[in-house]
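Asker: Which chain is which? The protein sequence lines are A and B, in order. So the mapping is simple: the numbering used here equals the position in the first sequence, first residue as 1, plus 1. So the mapping is simple: the numbering used here equals the position in the second sequence, first residue as 1, plus 29.
Take the hints with a grain of salt, since some may be wrong.
[Stated by the list, open to error] To give an idea of the interface, some chain B residues facing chain A are shown, with a C-beta separation under 10 Å as derived from the structure: (1) P158; (2) T180; (3) G254.
These aren't lab readings, by the way, just hints derived from the structure by calculation. Every residue, glycine too, gets a C-beta built ideally from N, C-alpha and C.
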Amino acid sequence: MRVGHRIGLTLIAASVVAMYGCGQKEEPKKAAEAVAPAAAPAAPADEAVTVTIGSAGPLTGEIAHLGKDNDNGVRLAIDQANDKHLKIGGKLVKFTVDSQDDQADPKLGPTIAQKYCDEKAAGVVGHLNSGVTIPASAVYHQCGLPMISGSATNPKLTEQGFNDIFRVVGRDDQQGPAVAEYLKSLNVKKVAVVDDATAYGEGLANAVADTLKAQGITVDAREKTTDKATDFKAILTKIKGRAPDAVFYGGMDATGGPMLRQARELGIKAVFAFGDGACTDTMPKLGGDKNVEGMICSQAGLPVVAASKSFLDAYKAKYNVDPIIYAPFTYDAANLLIAAMVKADSTDPAKYLPDLQKISYDGATGHIEFDDKGDRKNAEITIFRMVNDKLDPIAVVKGGKSVKFADFMKLAAASAPAEAAPAAAAPAGSMKEEPKK
Amino acid sequence: MDTFIQQLVNGVTLGSVYAIVALGYTMVYGIIQLINFAHGDVVMIGAMVAYSVIAVLVGAHVSLPPLAIVVIATLFAIPVCMAVGYALERVAYRPLRNAPRLAPLITAIGLSIVLENIALIIWGRAPLPYPQIIETVTYRLTSHPDGATITNVQVAIIGISIVMMAGLLVLIYRTKIGVAMRATAQNAQVAGLMGIDVNRVISITFIIGSGLAAVAGVMDGSYYGVAHYQMGFILGLKAFTAAVLGGIGNLGGAMLGGLLLGVIESLGAGYVGEFTNLCHLSGWSHALALRCVSDPHLALFGSNYQDVFAFVVLILVLVFRPSGLLGERVSDRA
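Could you build all of it, start to finish, from the sequences and the hints given here?
Answerer: Structure representation (structure tokens):
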């Protein structure tokens, strides 16, 4: 414990030193640039303020590649903001990113949050995992530090009544209705719903079952397994006896893949649908190539290819790779913080928070506004289909309306030149109402 | 009827794997009255080693028939598991042989954690997809086109289990080492006085049990298509339950217990909902009848009670036959 503290302190000290170091190094350049616009020759160099934006996510461990992707998104936004030489409160502002590694460990979430609070960061983008973000959010709320997550989808995060916690992706409970909506468009009459008895899986499966029932589709066989099970043949045999048109499973790929394989072995021909936990590239390996062909799954948010072209080009130019999943969202999150600061003309969290709550912003992932809880209004859910071992986006569900992915991309492309039009996507989406296949 | 036959086939396959793992528990218990909780993780090591061998062979494009690749992988996994089993006994259990009962039990739990973490370091925490190199062939069991089926893998698992169980019985009841094992089980001290190397017999017991575990691991992995560093925990727990159900320490009991547990689980998951279907009682309550119109399968207990069902059977058996179905009453054991 004591060692932990000491390391923590050392890290804080190091980051503070690094911060000052950066600030000083940049000053001469900034002074020169401040002169260049020729507006304020009187502004002395030491008036440039360093503003720290936190970027927290797993930078080591199993999903380190996703954490790095998130961090890259934030860094790109900050670099672009610095290139604009923004002035806030009459002073030139230099943004720096303080990246912290939460190792996807819920225990580290609050520790890192406290670190940001202590070093008076102006805002935080993070964390990646819902499980880490939720405990950390309590600390951010306590010290009044606004946090925007670009990837945490668990509904609980914004149900805590914290007015300074936001997310720019959809929620798990928007995913369920979206999948159900899509299944309905396939004209299924009878659906079997299974979950893995975890908070995530059960919540998702219940949302799917409720939406299906409300649509007049029969939910026949509502089964449960566990997230550690390997044998699903008993419940699948029961499901086979009911002969459903589709099966929805709320759970992760580790159980979803084997379940799909066992279902095909038993000769169940129904369409299989999953949430984002099983919407991964490992499904063909876990379930068997020919078994997963045609499976349906959903992800909160939009696929990377649907992000704005200017973002994708800038990301590629800076990092020489393509973003993986959530980088467009963390990029937008960082830009939202900056936009709110500019609007409020202050980097003080207490002062810019009201502007962040009311913000209306067009980012790489489309138009962003927050509702009272801090969730993104009209967040998109994307439906994918497995084609030749690749997840192929087929539809985007937004505000209860499902649009074919190709049409969505066309609309996005059409609205892109008129970037200022804030609600371009929404009315266009409601025009295209019939994604019947 | 088709559903029932299918559940029976599922249950027997699952039960065969349980039975093979349960044999490992029961052999060790029979000889030194130790519940080797690390046994499930030996199964896991077997599955993982076989996974690596298959992955290497497939990756190297060796032109062998798929069956040969699986056999080679199994032949690699067996000695590795035997070595692990021997090492566990030699390093961890033998020094504690005369310690109080609780010490080796806790050690076994500790070893289980150690094995899991070693596997975590070597193979990572993601579930490993078992390469499906053997083409699954499905045979119809009834005339109905959508009826009950059995796959070649299921047939193989059931067949191999029967052969291994028969082989083990021959080993125990027809060979010299079998006599030594039975003698040690009855009374280790006296067996030692009769010139039996008790330590050697105990080591061999662990080695045989671990060899069976390796085969069980390969069967489990190729049947379900995944291997995971924690797969041994639940499997071990179920197999232990099977051993207790049949009467721990009794070989026939482990086989019977394993098969029974598998069948009970399958039928339980399949029929708990039917047995507790509240809609049979619609005549009693108008509100219930109304709900049953929209949901004809409204059940008190669903398939989430599948494990509960299995354990209720275990408890009932233990209430009426405390030493298990085939176990003999032993006054001072367990």
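Asker: Are there hints from earlier that the structure breaks, and if so, what are their numbers?
Answerer: none
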